[in-house]
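Let the hints inform the model, and build the full structure from the sequences given.
So you can see what is in the structure, the chains are spelled out below.
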Amino acid sequence: MTLITKGLSRRSVIKTGLAGIIATGVAPTIFTRGAYAQEFCNAPTGDTVTIGFNMPLTGAYADEGADEDRAYQLAVEHLNGGGDGGMIPTFSSKTLKGNGILGKKVVGVTGDDQTKADAARDSARRMIERDGAVMITGGSSSSVAIAVQGLCQEKGIIFMAALTHSNDTTGKDKRRYGFRHFFNAYQSGIALGPVLGEAYGKDRVAYHLTADYTWGWTQEESIKNATEALGWKTLAPVRTPVGAGDFSQYLTPVLNSGADVLILNHYGFDMVNSLTQAVQFGMRDKQANGKNFEIVVPLVSDLMAKGAGSAMQGIYGTSNWDWQLTDEASKAFTKSFGAKFGQPPSQAAHTSYVQTLLYADACERAGTFYPPEVIKALEGYEFDGLGNGPTLYRAEDHQCFKDVLVVQGKEKPANPFDLLQTVATASRESVTYDPAIFGGELGPDTAVAC
Amino acid sequence: MDLFNLPRRDWITFGLFALVVVTMPIWLTPLGASYPGLLQKFAIFAIFAIGFNILFGLTGYLSFGHAAFLGVGSYTAVWSFKLLTMDALPAIMFAVIVSGLFALVIGYLSLRRTGIYFSILTLAFAQMCYNLAYSVLTPITNGETSLQLTLQDPRVIDSALAARPEGLPSASIFGHVFDGFEGFYFCAALLLIAFFIALKIFSSPFGMMLRAIKSNQTRMNYTGFDTKPYALTAFVISGMYAGLAGALLAVTDPLAGAERMQWTASGEVVLMTILGGVGTLIGPVIGAWLIKYFENIFSAFNEQVLTRFFSFLPPEITEPVVTISSKFVGEGWHLTLGLIFVLVVVFLPGGIMEGVRRIGALFRRTTPPSAPAARPAAPTIQPAE
Amino acid sequence: MLNVIIGRLAPSRGAVVFDGKVLTGKKPHQINQMGVVRVFQTPEIFPELSVLQNVMAPAFAKRDGAFRINIWRSLESERGIEEEANHILQDVGLYERRSHHAGALSRGDKRRMELAMCLIQHPRLLLLDEPTAGMSRHDTNTTIELLKKIKARGMTKVIIEHDMHVVFSLADKISVLAGGRIIAEGLPRRVRRSEKVQEAYLGGAHRLEEATH
Amino acid sequence: MDAILAQLLNGLDKGGAYALIALGLTLVFGTLGVVNFAHGALFMLGAFCAVTFRQLITLETVTVDPTQLSAWGAPLEIRTPLAQTWFGDFGAVLVEYSVPFSILFAIPVMLVIGIAMERGIIKHFYKRPHAEQILVTFGLAIVLQEIVKAVFGPNPISQPMPTALRGAADIGVWIGLAPGAVSYPLWRLVYFLFSAGIIAAVFAFLRFTTFGMVVRAGMADRETVGLLGINIGRRFTIMFGLAAVVAGLAGVMYTPLVPPNYHMGMDFLVLSFVVVVVGGMGSLPGAVAAGFLLGILQSFASMNEIKQLIPGIDQIIIYLTAVVILLVRPRGLLGRRGMMES
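Residue numbers (the numbering used here), protein chains in the order written: chain P, 561 to 1010; chain W, 28 to 412; chain B, 101 to 313; chain C, 441 to 782.
Honestly, I wouldn't trust all of these hints.
Within a straight-line C-alpha distance of at most 30 Å, the following computed BS3-like cross-link-like pairs (lysine-lysine) qualify [what the hints assert, rightly or not]:
{"id": "1", "chain 1": "W", "residue 1": "K354", "chain 2": "P", "residue 2": "K900"}
{"id": "2", "chain 1": "P", "residue 1": "K846", "chain 2": "P", "residue 2": "K866"}
{"id": "3", "chain 1": "P", "residue 1": "K851", "chain 2": "C", "residue 2": "K589"}
{"id": "4", "chain 1": "C", "residue 1": "K589", "chain 2": "P", "residue 2": "K866"}
{"id": "5", "chain 1": "P", "residue 1": "K732", "chain 2": "P", "residue 2": "K866"}
{"id": "6", "chain 1": "P", "residue 1": "K900", "chain 2": "C", "residue 2": "K589"}
{"id": "7", "chain 1": "P", "residue 1": "K970", "chain 2": "P", "residue 2": "K846"}
{"id": "8", "chain 1": "W", "residue 1": "K354", "chain 2": "C", "residue 2": "K563"}
{"id": "9", "chain 1": "C", "residue 1": "K589", "chain 2": "W", "residue 2": "K354"}
{"id": "10", "chain 1": "B", "residue 1": "K251", "chain 2": "W", "residue 2": "K255"}
{"id": "11", "chain 1": "P", "residue 1": "K762", "chain 2": "P", "residue 2": "K784"}
{"id": "12", "chain 1": "P", "residue 1": "K851", "chain 2": "P", "residue 2": "K665"}
{"id": "13", "chain 1": "P", "residue 1": "K664", "chain 2": "P", "residue 2": "K936"}
{"id": "14", "chain 1": "B", "residue 1": "K162", "chain 2": "B", "residue 2": "K248"}
{"id": "15", "chain 1": "P", "residue 1": "K846", "chain 2": "C", "residue 2": "K747"}
{"id": "16", "chain 1": "P", "residue 1": "K793", "chain 2": "P", "residue 2": "K665"}
{"id": "17", "chain 1": "P", "residue 1": "K762", "chain 2": "P", "residue 2": "K851"}
{"id": "18", "chain 1": "P", "residue 1": "K784", "chain 2": "C", "residue 2": "K589"}
{"id": "19", "chain 1": "C", "residue 1": "K747", "chain 2": "P", "residue 2": "K793"}
{"id": "20", "chain 1": "P", "residue 1": "K895", "chain 2": "P", "residue 2": "K664"}
{"id": "21", "chain 1": "B", "residue 1": "K162", "chain 2": "W", "residue 2": "K255"}
{"id": "22", "chain 1": "B", "residue 1": "K121", "chain 2": "B", "residue 2": "K162"}
{"id": "23", "chain 1": "W", "residue 1": "K255", "chain 2": "P", "residue 2": "K732"}
{"id": "24", "chain 1": "P", "residue 1": "K891", "chain 2": "P", "residue 2": "K866"}
{"id": "25", "chain 1": "W", "residue 1": "K255", "chain 2": "C", "residue 2": "K567"}
{"id": "26", "chain 1": "B", "residue 1": "K127", "chain 2": "W", "residue 2": "K255"}
{"id": "27", "chain 1": "P", "residue 1": "K784", "chain 2": "P", "residue 2": "K891"}
{"id": "28", "chain 1": "W", "residue 1": "K354", "chain 2": "P", "residue 2": "K866"}
{"id": "29", "chain 1": "P", "residue 1": "K900", "chain 2": "P", "residue 2": "K866"}
{"id": "30", "chain 1": "B", "residue 1": "K126", "chain 2": "W", "residue 2": "K255"}
{"id": "31", "chain 1": "B", "residue 1": "K162", "chain 2": "B", "residue 2": "K273"}
{"id": "32", "chain 1": "P", "residue 1": "K936", "chain 2": "P", "residue 2": "K654"}
{"id": "33", "chain 1": "P", "residue 1": "K866", "chain 2": "P", "residue 2": "K665"}
{"id": "34", "chain 1": "P", "residue 1": "K895", "chain 2": "P", "residue 2": "K665"}
{"id": "35", "chain 1": "B", "residue 1": "K296", "chain 2": "B", "residue 2": "K251"}
{"id": "36", "chain 1": "P", "residue 1": "K784", "chain 2": "P", "residue 2": "K665"}
{"id": "37", "chain 1": "B", "residue 1": "K162", "chain 2": "B", "residue 2": "K251"}
Think of the hints as simulated: they come from the structure by calculation, not from any bench. Just so we're clear, the structure is a prediction, and the values are computed from it rather than from any experiment.
Here's what the structure looks like:
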């Protein structure tokens, strides 16, 4: 039981103390490390460091969660020097040596976030309070990511978000302690817009079916803006509950609405269900306004493509990463993942793996687990060799900037995993935006005792 | 002093209960459950279950929508944090009042029916609350995304009194921010108050009237009682308990999600109450603790833990034993819960408390005195009028 | 007919008037609060409460009215009501079993307890539906004694009964109903002599009703 | 007009599912007097009969060919389905039409499950209060769904529908409207016809067989039938089995529409109770009528025009209907007077 209260800024006390030492010219770095050791939540004390993996093992995004789980197992193995090291050799920062983090062996604890904000926060809290996790990563829904990010800010635990695509995660709900490697809906819009314009023309009427939460809302808005810039019209969007299962009563009105494009702002099993059901409704064979009726899924992954099967063929979307990318890092990761699990990794697995490595690397570079220093090491960090080419962790909003892939469901897959082909790549420059457009405040990086 | 007027037996019960609750951080340490998050849950869900039992245990009305009041309490508390102040007391006060009002309206309508019709009415109302919170009421509830504190919240009282702190504030009481176990002791204090009120109700004439409603509603009427306001009062009190529990969930973690109101959450409190013992004072608390303990600790068991546990067995047996038993722990702990629950309903309708009593009787080799206050009565549904 | 008085059934025509007030259309609890109390043919009790509590409950209805939230008193501090209940339990011979579960009593005991539940309310009109049906001769005699004692206290009772022994030991005024009509009415002596009554009663198809003052 | 017609079709097809589940629930309640919260789990078990059947007929032999490499460089696995090697073309047909064929598999399995449930647990609860019946069956439902989760995992397992029935039918053309005006997925039409067929079969069974007559008499008055010396107990066991089969078949045919997962039963349970209550506890025609009525209401409430008028109505219409019915007419649409009415 500790009596240190959160309101008191311990760090300012240390700062003042340190300033005196530095002034006298006796500030060996080793001392700084030692001084931080007891001042933050779950400082690793033994010879292990615990990381909390919080992912959806049940619920609408459980498929992605299972893949995240695999990626975390692989990341822990590689960080501790097991296996072929995956992307560690290709990573531009060469601090990771396969001896854990700062010499401490990495231990993972897992929790099921049930794809629900409430349960996710509960599970994260359990990992922080009971298991002593020094960092939390995972999540596969933006509402989960935002909820857990808020908790982590409060507890002073770094949160490396995995799958979360809502603009709000690094926009209006951004937090100093939260970091996102995944791209966002705004970037999807920028990347997807020109491709859609070229494929489907400038005169289209779009009908949005949107998952009713932060991710759905921001993706709907981003895609709407991007397509309206092309000259498309947008009908009143329809919001659907997450995990609805049967979408037929939402699909039936689409047929007679006068729309000629259906945009499905759904993810995971929701997308699999709504897309296959839309195809059953004959929407891909339909003519409307003298044009072929089209379906667009702005955010798509291999797992969803697998679930949707033939319904996915020819459908456009965007992806953060694809296992068929030809850079060395992607190949190394795919090889290592495929060898262990008998299937290629999805973008969910990739981002989870990368986030774990990035955290480990940031600790190594900071020379401490002390969160404010780790945050500094991550902010504005420029790296390469983790897939997607050169990448920047922007300091202003903790959003990563890298190339965005526009993909299309393959008509004739060569093997059961060859489901998406990359049709265009939006460059990092083109998807970079002003952080001010989404507002929000990062908040302080004060360390918190727990 | 009528307020502290309790029979000596009840004072002893209360004293023992208080002792058990206050020392929880100590005696739960060897069980691996002594961390603030779980301890707070123990206290909060015990309040929820005690409140539910005042309705179901005493009057026999089986509500399948009680989680709605828990959710309403949480939302109210978070709004109080957002708009007024981070102090926990106003949040709790508002939450209890608002959920009480909700309970008044829903109870007034639902109590026009009895038996399974009552259950389904409460279920329907709760599902409506849940679905609305999830969709149209998004401006109030933030839907699936869950209602959270933000840096932009007005917090008028706090900002009038002091400068805005950097970052997100935490719930406090008179300016003192809860930290770790303090949060638990705050919840525990409210649990003791809630338990004390339940004790008062159980031993009061009012409590006897509620039990009489469960026993024979027709007789109640011909005895000159108006049963409806009695049942409604029990419903409102129990809704307020749920609201208090919801508010405490928000105090310990300022976030409110709609799934708190889903009918499965209502089902959970039914499970807790039945498992522990309907109509008893302590039973629902034990039920709540067991389920929360299993949910947090049992569910973390995995194959490695089991292998270690069964390592005394010969290796060729260990593996199948581990494989089979792993289906019952970890992700599969719900299976264990379901099995235990079925067994309890079939063989031990009075729940764990009845089991304890039977074992006690076995030792004493005498029939237990039939003091109805302590007797867990099998849940019955109201006779049709 | 008792069902009509206490408000369980609505009369097809006419009205029930008691003490100058119309009972028709009133709810059962309101009728009880006006002082009209009934003992049922099959015992209506609170099986899950103790015998003592069964008898105490009606006393609260009498004292506190149809509804009152009284959580701040404990049952055990209600000495007055408890004493009165004990007293009445002694009258009906159930005092020794006052802490027993009411549901576990024999049928005869349940009926006597129910009688006690009614008596504790000091009703202005007591309706008894075959108060001795199913009782042994001994129990019947005890009950008759009990009812005689109550009669001495001056309480109006309406008793429905087939058992002539009971009827003639208690009644001041008897009405004989057959097929929903009154076929004889008056003092016991006269009713006993009525041929119609004997015929109807021996036929066994009809009920006798009596009123005592 | 076209939109309304399409929405009506959607309502009928949703209603078919509701009616089928509610029908089984009412059979159990009407004959046995048991409030069965595990009925949703039976629906789910039916769906998993289809999953199991497909897994059985698509069992594969796996040979590893080290000379060929997979896309990420591991030795390639070659999979050969057993059904095709054994049955040849018929095996292929079996796989293609696995969902309809699963019906044959599901009937005996569900019958056994239903009878086992009734003999094992439900039997002992006939005389116990409804609340205890709710509780024990609720616990049973948790156990059943957790077993399925332990065996099949938490994720939905999609069941492909036969290729021939994958598209949509242009119904508008059949009734003389413009092509493409009203089109509706073929499988959903099949589902509607299937549920109508099953409902008709159950009604015919109750009306025209001696067994059915006894059951109907039992629904009207349990005690009298018991006095006649008919072995009502055994008949009730069969009745429970029948209800399980009806629920199971509803589940089998539902799988191509929404991939089944372990908690689909719970999702339908609340709904089906609402349907039963709206129809009237213990009334079979009521359950069917209410099933279709609520399906249609829900479908219409999802129309954008209606939602603009009353926001959120699509989310609560079913519960709202239930509340109104319960408060205004507690015996439901077609329920008998006095059936648990208060």
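Satisfaction of hint between K255 of chain W and K162 of chain B, Cα-Cα up to 30 Å: holds (18 Å)
Quick one, are K846 of chain P and K866 of chain P close enough, alpha carbons at most 30 Å? Holds: K846 of chain P and K866 of chain P sit about 24 Å apart, inside 30 Å.
Distance restraint between K895 of chain P and K665 of chain P, which requires alpha-carbon spacing of 30 Å or less: Satisfied, since the Cα-Cα distance of roughly 24 Å is no more than 30 Å.
Going straight from one Cα to the other, do K255 of chain W and K567 of chain C come out at no more than 30 Å? Within the cut-off at roughly 27 Å; holds.
Would you mind confirming whether the straight-line C-alpha gap from K762 of chain P to K851 of chain P stays at or under 30 Å? Judged against 30 Å, a Cα distance of about 12 Å means the pair holds.
Would you check the hint for K162 of chain B and K273 of chain B, treating anything up to 30 Å between C-alpha atoms as holding? holds (28 Å)
CA of K127 of chain B to CA of K255 of chain W, is that 30 Å or under? Satisfied, since the Cα-Cα distance of roughly 12 Å is no more than 30 Å.
Taking 30 Å as the top limit, are the C-alpha atoms of K784 of chain P and K665 of chain P close enough? violated (47 Å)
With the threshold set at 30 Å, check whether the alpha-carbon distance from K162 of chain B to K251 of chain B stays at or below it. holds (20 Å)
For the pair supplied as a hint, K664 of chain P and K936 of chain P, is the alpha-carbon distance within the 30 Å limit? The given pair, whose Cα atoms are some 21 Å apart, holds under the 30 Å limit.
Pairwise hint evaluation, K589 of chain C against K851 of chain P, where the allowed Cα distance is 30 Å at most: violated (45 Å)
So if I understand the rule, the pair passes when the alpha-carbon distance is 30 Å or less; does K296 of chain B with K251 of chain B pass? OK: K296 of chain B and K251 of chain B at ~29 Å, within 30 Å.
Comparing the model with each numbered hint stated earlier shows that hints 3, 5, 10, 12, 16, 18, 23, 27, 33, 36 do not hold.
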